[in-house]
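Residue numbers (this note's numbering), protein chains in the order written: chain A, 1 to 441; chain B, 1 to 385.
Any given hint might turn out to be false.
Output of the computed footprint for chain B on chain A, the stretches with three or more beta carbons under 8 angstroms from beta carbons of chain B [unchecked claim]:
1. 25-34
2. 118-132
3. 163-175
4. 376-382
5. 414-422
In short, the hints are calculated from the structure, not lab data. Owing to the predicted nature of the structure, the values given are computational and were not obtained by experimental measurement. Glycine residues also receive a C-beta, built at the ideal position from the N, C-alpha and C atoms.
What follows is each chain in one-letter form.
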Amino acid sequence: MMTRVLTLLAALLVFAMPAAAQTGGPLRIEITEGVIEPLPFANPDFVAENAAAAELARQIARVVSEDLTGTGLFREIPASAFISQITSFNSPVQFSDWRAINAQALISGAVSVGGDGSVSVKFRLYDVFAGQELGDGLQFNGTQAGWRRIAHKVADAVYSRITGEGGYFDSRVVYVAEAGTKDDRRKRLAIMDYDGANVQYLTDSNAIVLAPRFSPNGDRILYTSYESGFPRIYVMDVASVGRRALPTLEGDMSFAPRFAPDGNTVVYSLTTGGNTDIYRMDITSGAATRLTSTPAIETAPSFSPDGSRIVFESDRSGSQQLYIMGANGGEPQRISFGQGRYGTPVWSPRGDLIAFTKQSKGRFHIGVMRTDGSEERLLTASFLDEGPTWSPNGRVIMFTRETQGATGSASLYSVDISGRNLKQIRTEGGASDPAWSPLQR
Amino acid sequence: MRIGYYISGAGHIGLILLVLFGGMFNTPPQSFEVTEVSVISGAEFDAMMQGVQTPDVTTDVAMPAPDLPAEQAPPVESQPDPTPPPPAPQVTEAPETDPVPQQPDPLPQQTEAEVSDEAPVIAPPPQEEVVLSPTISDRPVPRPSERVAPEPVAPPEPDTQVSDAVTEEVVPDEAAEVVREETEGGAPEEATTRIVTEAMEEPSAAPTTSVRPRTRPARPEPVAETPPADPAPEAAPEQQAQEQPEAQPDQTADAVNDALRQALEGGAASPAAGGQSGPPMTSGERDALRVAVQQCWNVGSLSSEALRTTVVVAVSMTEDGKPQSESLRMLGFEGGTEAAARQAFESARRAIIRCGANGFSLPRDKYDQWREIEMTFNPENMRIR
Numbered sequence: 001m002m003t004r005v006l007t008l009l010a011a012l013l014v015f016a017m018p019a020a021a022q023t024g025g026p027l028r029i030e031i032t033e034g035v036i037e038p039l040p041f042a043n044p045d046f047v048a049e050n051a052a053a054a055e056l057a058r059q060i061a062r063v064v065s066e067d068l069t070g071t072g073l074f075r076e077i078p079a080s081a082f083i084s085q086i087t088s089f090n091s092p093v094q095f096s097d098w099r100a101i102n103a104q105a106l107i108s109g110a111v112s113v114g115g116d117g118s119v120s121v122k123f124r125l126y127d128v129f130a131g132q133e134l135g136d137g138l139q140f141n142g143t144q145a146g147w148r149r150i151a152h153k154v155a156d157a158v159y160s161r162i163t164g165e166g167g168y169f170d171s172r173v174v175y176v177a178e179a180g181t182k183d184d185r186r187k188r189l190a191i192m193d194y195d196g197a198n199v200q201y202l203t204d205s206n207a208i209v210l211a212p213r214f215s216p217n218g219d220r221i222l223y224t225s226y227e228s229g230f231p232r233i234y235v236m237d238v239a240s241v242g243r244r245a246l247p248t249l250e251g252d253m254s255f256a257p258r259f260a261p262d263g264n265t266v267v268y269s270l271t272t273g274g275n276t277d278i279y280r281m282d283i284t285s286g287a288a289t290r291l292t293s294t295p296a297i298e299t300a301p302s303f304s305p306d307g308s309r310i311v312f313e314s315d316r317s318g319s320q321q322l323y324i325m326g327a328n329g330g331e332p333q334r335i336s337f338g339q340g341r342y343g344t345p346v347w348s349p350r351g352d353l354i355a356f357t358k359q360s361k362g363r364f365h366i367g368v369m370r371t372d373g374s375e376e377r378l379l380t381a382s383f384l385d386e387g388p389t390w391s392p393n394g395r396v397i398m399f400t401r402e403t404q405g406a407t408g409s410a411s412l413y414s415v416d417i418s419g420r421n422l423k424q425i426r427t428e429g430g431a432s433d434p435a436w437s438p439l440q441r
Numbered sequence: 001m002r003i004g005y006y007i008s009g010a011g012h013i014g015l016i017l018l019v020l021f022g023g024m025f026n027t028p029p030q031s032f033e034v035t036e037v038s039v040i041s042g043a044e045f046d047a048m049m050q051g052v053q054t055p056d057v058t059t060d061v062a063m064p065a066p067d068l069p070a071e072q073a074p075p076v077e078s079q080p081d082p083t084p085p086p087p088a089p090q091v092t093e094a095p096e097t098d099p100v101p102q103q104p105d106p107l108p109q110q111t112e113a114e115v116s117d118e119a120p121v122i123a124p125p126p127q128e129e130v131v132l133s134p135t136i137s138d139r140p141v142p143r144p145s146e147r148v149a150p151e152p153v154a155p156p157e158p159d160t161q162v163s164d165a166v167t168e169e170v171v172p173d174e175a176a177e178v179v180r181e182e183t184e185g186g187a188p189e190e191a192t193t194r195i196v197t198e199a200m201e202e203p204s205a206a207p208t209t210s211v212r213p214r215t216r217p218a219r220p221e222p223v224a225e226t227p228p229a230d231p232a233p234e235a236a237p238e239q240q241a242q243e244q245p246e247a248q249p250d251q252t253a254d255a256v257n258d259a260l261r262q263a264l265e266g267g268a269a270s271p272a273a274g275g276q277s278g279p280p281m282t283s284g285e286r287d288a289l290r291v292a293v294q295q296c297w298n299v300g301s302l303s304s305e306a307l308r309t310t311v312v313v314a315v316s317m318t319e320d321g322k323p324q325s326e327s328l329r330m331l332g333f334e335g336g337t338e339a340a341a342r343q344a345f346e347s348a349r350r351a352i353i354r355c356g357a358n359g360f361s362l363p364r365d366k367y368d369q370w371r372e373i374e375m376t377f378n379p380e381n382m383r384i385r
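Okay, chain A solo, but in the shape it has when bound (with noise of 0.2 angstroms):
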């Protein structure tokens, strides 16, 4: 009873200040949910400030949209839906034509030729809505012979700007491409860019190579090959092609390679007397260092970000699972505990995660875990997935896909860390074992 007197006392109360109730100060919402679709932007065909830059302004315009569409983050909007057109760089934008077609970014560019063949592009990013410019414009200044590169270095902005994280589209892939059928296969090194074009060879098809692997910076490559009748690990330097062999002793197999963050030192495995173990070296003296000693299969390893930690699979609990060491070794610490097997595990370039691929019911996956094996997720799902690799900012994982049958064959696929946009890479003939360089400079 005393209880329903205070309540009406409180209601009166209430009613009875008005103004009371209406406190000063600005209403107060909270958002806690929202949409996840792809950001609709326009991107109107470049100015050509002179004619010789007309069809290389229409191509960079394109090979931009397809760099920010590819990622599955961005929507293009059609030239069809433009109510006004970009006739000059400097020009004001007419934000209402763009709000009333949704377009939330619009890119405006122009590109120029110089009489000794250099190209210049400049472009300028505007939030459509806010009315105002993303950030300052930009120019990039090159040969038409590197064209796309510009592109690809405009397309990094715009998604830098937008997303706030670093892009991913100046890179290049290193893989291993495949022709014959499947009994009949012969491989070779091949480079690409991150899209699939400017394809060219590094190796011929006379030997197995496998595992290609970026140096930090680019500039190298550690892969394994058979041309000795043994797995064994080389270095080739890009620009040259010139290569070496990794020393090591007569009749041992090394594989399985990857650089440590410093360049310098290189992570393998070693089968020597039918046992397989983690081993580092320092690739200018050539001095290996055992990093780990059981009976078990222990490869794959791959260095966090920091070079401080080292992730590889072993088989040392009776089935293959993901171990995490020291980068000088010392006792590792398990991380994979699903049902399945786990393998070729690859640190993210941020840190914060470690791609794999897993084997499950009969299934092959690409999946994501927490460096301490938390929030794993499968991204993929396919008769053979496998390899797994990071773009330069982490945010996409690019692995090989081989199909079921005698005629089946590998391919390349790329997926983003959330597992939406899966998609193929365009690549001639068959591709397998992807590595992703970091960006270039």
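Model the placement of chain B on the given structure of chain A, informed by the hints.
Showing chain B alone in chain A's frame:
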């Protein structure tokens, strides 16, 4: 004299033993098959043998007997039709260059048709309907969609324009009393409530998660409408707590005390004159504004760090419910770097401007309540999608 007894006793004992164990050493009689034999006469045997040869004879019987008188022949059996009818051209699709002979000679004709150049159209045999019992449940697999939103949206009709709200298509109608402007119908873009990866698309025999209905927004009590005295954003949980449908009896006293305290504090904090007027915003009105903004808050292009950053954005509103773009500003942020906060703010700014372009649905009579709005954009829930 006792010899007789002895002989008699021995004889009896022997007889008893013979009865008890007499059969032990005898081999059991072997089983044998019994075949019944019947005796038949020679005439019966001849008749029976004629019956065995009946098939041959029957063939002859089927043929018309030339020496049989016509009046004795059965009318039906007298129609000799030993050969099948000639195949129809439509069935065999025999070429025209291979005409069907007039004389009925079915067997050669059939052979001709089978070796014709054109393959005959053979009617497919009736398929057996096999019904397999499903081994897995028919639980619908989550449909991947480009758009992830708080509420799932079915894919719109192919010809429907994508818009933020559902609009009815208006077509010319001469019989209508009121002429309405012709417009195309619109519907929101297809959306799902979570990111569907390829690994999730495997059909499962049992649901792994259940869709729980959202709790119905509580009808606000007048007390709960009192704005909190503390202007800090942290007041939101307290506000939510006030919007509970019914307080438990043991919590009533606390709720009353809180209400009294807030009412009194609010009175003390309110301006003496010229303060906000009009009735307070209801919970439904607040929710309508919140839903309107969240429909345009696209976090898909935000970096991981920006998705860990909560920003507070202030905006001044015009009386027709439109945000004043130049008034948009970030009051503060929490959880990320300044660069990440800037990305998060830009995303929030786009949401407010884009969805407020036509004016938010806000009560005009309460303009003083929403003249200034502070929106806290917390992407925590969006990180786990």
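Structure-based check of all given hints:
{"no.": "1", "hint": "25-34", "result": "holds (count 10)"}
{"no.": "2", "hint": "118-132", "result": "holds (count 4)"}
{"no.": "3", "hint": "163-175", "result": "holds (count 3)"}
{"no.": "4", "hint": "376-382", "result": "holds (count 6)"}
{"no.": "5", "hint": "414-422", "result": "holds (count 5)"}
Violated hints are absent here; each numbered hint is respected by the structure.
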